[in-house]
Amino acid sequence: MGRRTTALTMMLASLGLAACSPGPERSVPARGAMLFQQTCAACHGSDGRGGSAPDLTHLAMDARGTFPSIEVLARMHDGGDAMPAFRDLALGPTVVVEIEEGIGTPVPEDMLAIWRHLETIQRPDL
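With positions in the sequence shown counted from 1, the corresponding number in my numbering is that position plus 198.
The set of hints was computed from the structure by calculation and includes no laboratory data. For every residue, glycine included, the Cβ atom is placed at its ideal position computed from N, Cα and C. Please note that the accuracy of each hint is not assured.
To be verified - Quick list of the computed label-pair ranges, beta carbon to beta carbon:
id: 1; residue 1: 322; residue 2: 291; range: 31 to 39 Å
id: 2; residue 1: 282; residue 2: 244; range: 29 to 37 Å
id: 3; residue 1: 264; residue 2: 288; range: 26 to 34 Å
id: 4; residue 1: 276; residue 2: 314; range: 14 to 22 Å
id: 5; residue 1: 281; residue 2: 317; range: 16 to 24 Å
id: 6; residue 1: 251; residue 2: 323; range: 17 to 25 Å
id: 7; residue 1: 263; residue 2: 314; range: 15 to 23 Å
id: 8; residue 1: 279; residue 2: 247; range: 13 to 21 Å
id: 9; residue 1: 247; residue 2: 277; range: 19 to 27 Å
id: 10; residue 1: 294; residue 2: 321; range: 25 to 33 Å
id: 11; residue 1: 300; residue 2: 239; range: 31 to 39 Å
id: 12; residue 1: 241; residue 2: 300; range: 30 to 38 Å
id: 13; residue 1: 302; residue 2: 251; range: 28 to 36 Å
Whole structure, please, built from the sequences with the hints as guidance.
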């Protein structure tokens, strides 16, 4: 096997390994749950069902069955009432997420992770 063939084989093998490793989107749910516990659970409860702040497990139900992505991200970013704004926190690099069809929205990775976690804890009923 020549040097070029060996180099090409090594490059393709490394690309294959890179494709198999979990990317940011694959690790988002676990990271989101961890970040939720660190930044949100003190007020919203460890399960998101409230405490001193609103219950976050029926956001989709309150929005007629569709998770209100834009509203949730806006509230996380801007804060409101007693909720602090996340916009001034170091929330990791920004990624572009398609929230509405065809519209890419820049979102910090950690905010994306918490948002994805909130989607997973939605309950169909109270």
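Outcome of the hint check:
1. 322 <-> 291: 31 to 39 Å: About 34 Å separates the Cβ atoms of residue 322 and residue 291, which means 31 to 39 Å holds.
2. 282 <-> 244: 29 to 37 Å: At 18 Å between Cβs, range violated.
3. 264 <-> 288: 26 to 34 Å: The hint (26 to 34 Å, Cβ to Cβ) holds, given that residue 264 and residue 288 are roughly 31 Å apart.
4. 276 <-> 314: 14 to 22 Å: holds, 19 Å
5. 281 <-> 317: 16 to 24 Å: Holds: the Cβ-Cβ distance is about 18 Å, inside 16 to 24 Å.
6. 251 <-> 323: 17 to 25 Å: holds, 21 Å
7. 263 <-> 314: 15 to 23 Å: holds, 18 Å
8. 279 <-> 247: 13 to 21 Å: Holds - the Cβ-Cβ distance for residue 279 and residue 247, about 18 Å, lies within 13 to 21 Å.
9. 247 <-> 277: 19 to 27 Å: holds, 21 Å
10. 294 <-> 321: 25 to 33 Å: Distance hint for residue 294, residue 321 holds at roughly 30 Å.
11. 300 <-> 239: 31 to 39 Å: Because 35 Å falls inside the window, the suggested range holds.
12. 241 <-> 300: 30 to 38 Å: Between residue 241 and residue 300, where Cβ atoms are some 35 Å apart, the hint holds.
13. 302 <-> 251: 28 to 36 Å: holds, 30 Å
Comparing the model with each numbered hint stated earlier shows that hint 2 is the single one that does not hold.
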